[in-house]
Structures are given as C-alpha cells and as structure tokens.
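*Asks:* My request is simple: use the sequences and hints to build the entire structure.
Residue strings, one per chain:
Number of protein chains: 2
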Amino acid sequence: MREAHYFYVPNAAETDELPLDETIHAIRVLRLKPKDQIYLMDGVGSFYLAEVKMASSKHCLYKVKEVLKQNPSWKGQIHLAIAPTKDMGRMEWMVEKATEIGFNKISFLNSKFSERHVIKADRIERIVISAMKQSRKPWKPLISPIVDFKDFIKNEKAKNKFICHCYDEIPRKDFFANLDSNNDDIVVMIGPEGDFSIDEVKAALSLGYESVTLGKSRLRTETAGLNAVMMANLALRL
Amino acid sequence: MREAHYFYVPNAAETDELPLDETIHAIRVLRLKPKDQIYLMDGVGSFYLAEVKMASSKHCLYKVKEVLKQNPSWKGQIHLAIAPTKDMGRMEWMVEKATEIGFNKISFLNSKFSERHVIKADRIERIVISAMKQSRKPWKPLISPIVDFKDFIKNEKAKNKFICHCYDEIPRKDFFANLDSNNDDIVVMIGPEGDFSIDEVKAALSLGYESVTLGKSRLRTETAGLNAVMMANLALRL
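These protein sequence lines are chains A and B, in that order. Residue numbering for the first sequence follows the numbering used here, beginning at -12 and increasing consecutively. Residue numbering for the second sequence follows the numbering used here, beginning at -12 and increasing consecutively.
Errors might be hidden in some of the hints.
Put simply, identical chains are the same to the list, so a pair is met inside one copy or across any two.
As the list claims (entries may be wrong) - In silico PhoX-like cross-links for lysine-lysine, where the CA-CA straight-line distance does not exceed 25 Å:
1. Lys160 with Lys62
2. Lys146 with Lys189
3. Lys73 with Lys120
4. Lys73 with Lys144
5. Lys189 with Lys20
6. Lys203 with Lys56
7. Lys203 with Lys120
8. Lys189 with Lys120
9. Lys107 with Lys52
10. Lys50 with Lys144
11. Lys52 with Lys73
12. Lys62 with Lys203
13. Lys50 with Lys73
Think of the hints as simulated: they come from the structure by calculation, not from any bench. Just so it is clear, the structure is predicted and the values come from calculations on it, not from any experiment.
*Replies:* Here is the structure:
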C-alpha cells in the first residue's frame, strides 16, 4: 500500500465498523480486503491504526491495533464567525482552506447587510471532513448553524474577541500585531460583502470585542476569513 | 455615483480612450455618460481621476483630471513560483486571492512530478486584472509563462530565494520565522501535488535557495502557494 488510507469514524474506538459512506469508498473505490491496514480519525484528537477484518459491499469491519494520540499543532481555540457570501462556492473553498491551515470552529452570522441567510450545513460538513482527511487533522472543526449577529455577540464566551470592519471613524488595531501566544482562545468576526453595520460594530465593542483590521488590503469576505484564520494559526502555532 | 468605478488602462496618462473590453463594461453595464467621474489604474503605481468626455457603444473617451500616485503597501518584491495543479480552477482562485492579499509576480514551473504542463495565461491575466480592480491594487502582478524548473532556478535573480518541500531528510527552516523586513526581494517556490523531486530540491539548494517549510500543516499546492504569499506580505507590509 503506497499511500495510507484515512477514514473518519467518530467514536472509532467504540465501534468495529466503518460508517456507510466510508465503507462505500473503502470497498468500491479503494477495494480494500481483509488484513489491509487502514487509519481511522475520530475528529477529537486521535488516529487509530486498524486492520480490515471483513469487507462486503455494504459492510467493512475493522479491529483497532493501536491508538495514536495526536498533539495539537496550535494553542487554544481559533473560532471564525463570518457572514456567508451570496455565492456559497466562495464559502466552501474558504472552509476547505481554513481546515487545511487549521482552525477549531466556524459560525455563520446573519447580519444587517447579509446577502445570504441560509447555508447547507451538511455540504459544509462534507467539505470539512474531506479537507480534514486530506490534511490529516486530528480535530474536526465544528460548524455552527446560522445565528443572528445580536445573539452571537451576546452568547460568545471566548477570552479574546475581535471584530474586523472597514469604518475609518472607529479606531482599529492591527489584528495580527495584537495576537500573541497568550491570546489562546480567539473568536474573530468577518462581515458580509457590505460590511457589518456601524451599529453592529458598536454593539460588539460594547460587549468587549476589540476593533481590528487585517491590514491595508481591500479583501473579499472569504479572503478576509481565510486571512484571519491564517494569521491566528501563525500566531498560535506550536 | 455611490461606488467609484475603476478601469485598467495601461499607459492611462498617454491615451484618452478606454480599451475595448473596459469600454463595453463602462457603457453597456455601468451606462456611464459624459461628465461621469471614473478612476483609471495603470498597473504600475498610479491611479487617475478622469472624466468621461464621450460615450458611444464602442468608444469611451476620457480626460485625466488628476494623477494619484500610490505608495506601495509592502517592501520590495514578492514572487511566487509554483508548479500548476492538474485542476486549473485551483490555480485560478489562488491567483485571485494572492492578488487581493498583494504580491508582485507569479511564475509557473514545469517540474518532474508536474501534472500540468500548459496554462492559459490570458485567462490568468483576466483574473488578475479583475482582482486588482476589486482590491484596488496600484501594481498589477506579472504573470510569467511556464518555464522548466532547471531554467528557472538558474536564471532567477532574487536576493532571497526559498524552496518549500516535504523531504524530512533535508533540514528545513521555518519560512515565516526566517522572513524579516530586510528580506525585501523574495522568490518562494512551491511544488506540484507530488512535491518537487529530491534532485530538484538539491539542485535549487546548490544555487543558493534556502530549504524551508510553511509549518506543520499538510497543505494542497494552491493552499501552500497562497499561504506563502500571505506570510511574505505579512512580513514585508509597510
């Protein structure tokens, strides 16, 4: 076997069978057979070396040979909260890339100037799982369904909260320059194509969010989201 | 006029007419009329405030009112040299995003394990121009046609040359940690899906390239390319 095969199996240690969609891939595409070695990822910090025990067209049983606990590659939590773009394809690639780079959670926001109010969470979930397998991430990023901006800022409990915006009349610090490895629990908010409303920004500031900018570039929403994740990962990486 | 309209006009100061594709956009989409204000970008550091003088279906004449010289937002030159991915769509979005973030030049490499040996440079050019307008970049990134790996490493004259690769047997420094604002003239090479060959890496090192990694994440080619541009921009930004 030239390339190790990874499968996403939540609770991998407690079961002995691949989920149906992974079974189809294992049997019909990879044509795995008994005694083949596979790797399982539970999405919560462990990989498992396992051996195929039985392979039929709809079932693939395995036996775990070794639990491989993984170490985190960045400190704390990186949480991106973003108003989805009208074109969902742009969000999808951003989620794929952010998963490759490394982050913990994405929340989608319903804000005043949002041009999209629904997302297909199951599609995003599939993209995250695929990118997690491709980039061998031990932790699966969580996907939070769309939530109203006001509810989000009220309920979010991260230690370090940032809101990116483009209003020159509200002083902004540089996001990256204000990150250091002590900021190990971060949420960063990115607005829609038309930005947050100024009232939304003020509401967030009144609840302890810091007003920040990602730099001088004029970025599309999805580029800003990915850039924020890259900066946070770079600041917190171990 | 609620949003300023930007047009890419090489040699904007020496002509008085929009190029045909920009004319079509100006007249048929934006329906500009005489006395409307427009902005021109020459792609080499200046914007121009201009006024529409004549607008017919195929011609749009303007008069420059003011030359607006722009300041660079990063020091020196950021040059990405990358082996294109099999799926050209992945290169296209990378080029769009790298333009938004800010870089100076992209070269496409033909390396041993390359899965693509041709690119549509005119398509990449259109994407770059569109992203340059959208993100208001005064300098247009240059696009270099596909060149053989060996020729590239022999001819490239940047002061600071880096090659990213995944060979554990060759010591690698961290790319971002080794950038500082004195490294103001950078070329960074990113390999294809199957990486550079080890002989290619050794050939580059023998010509003064530094062996680097972007970090612990296992990134797709296009994600690595964008990540390298983001890191370089972050290190060199003014």
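*Asks:* Now, for every hint given, state plainly whether the structure supports it.
*Replies:* Results of checking the hints against the structure:
1. Lys160 with Lys62: Classified as both: same-chain Cα gap 22 Å, cross-chain 21 Å, threshold 25 Å.
2. Lys146 with Lys189: within (19 Å within a copy, 46 Å between copies)
3. Lys73 with Lys120: Between copies only: 20 Å across, 28 Å inside.
4. Lys73 with Lys144: This pair counts as neither: shortest intra-copy Cα distance 28 Å, inter-copy 43 Å.
5. Lys189 with Lys20: neither (59 Å within a copy, 39 Å between copies)
6. Lys203 with Lys56: between (41 Å within a copy, 16 Å between copies)
7. Lys203 with Lys120: between (34 Å within a copy, 15 Å between copies)
8. Lys189 with Lys120: So Lys189 and Lys120 fail the 25 Å test inside a copy (40 Å) and across (30 Å) alike.
9. Lys107 with Lys52: Neither: 37 Å inside a copy, 49 Å across copies.
10. Lys50 with Lys144: Neither. Shortest intra-copy (40 Å) and inter-copy (55 Å) distances fail the 25 Å Cα cut-off.
11. Lys52 with Lys73: So Lys52 and Lys73 fail the 25 Å test inside a copy (46 Å) and across (36 Å) alike.
12. Lys62 with Lys203: between (27 Å within a copy, 13 Å between copies)
13. Lys50 with Lys73: Neither way: Lys50 and Lys73 sit 45 Å apart in one copy and 36 Å across, limit 25 Å.
Hint compliance for this structure: hints 4, 5, 8, 9, 10, 11 and 13 are broken, all remaining hints hold.
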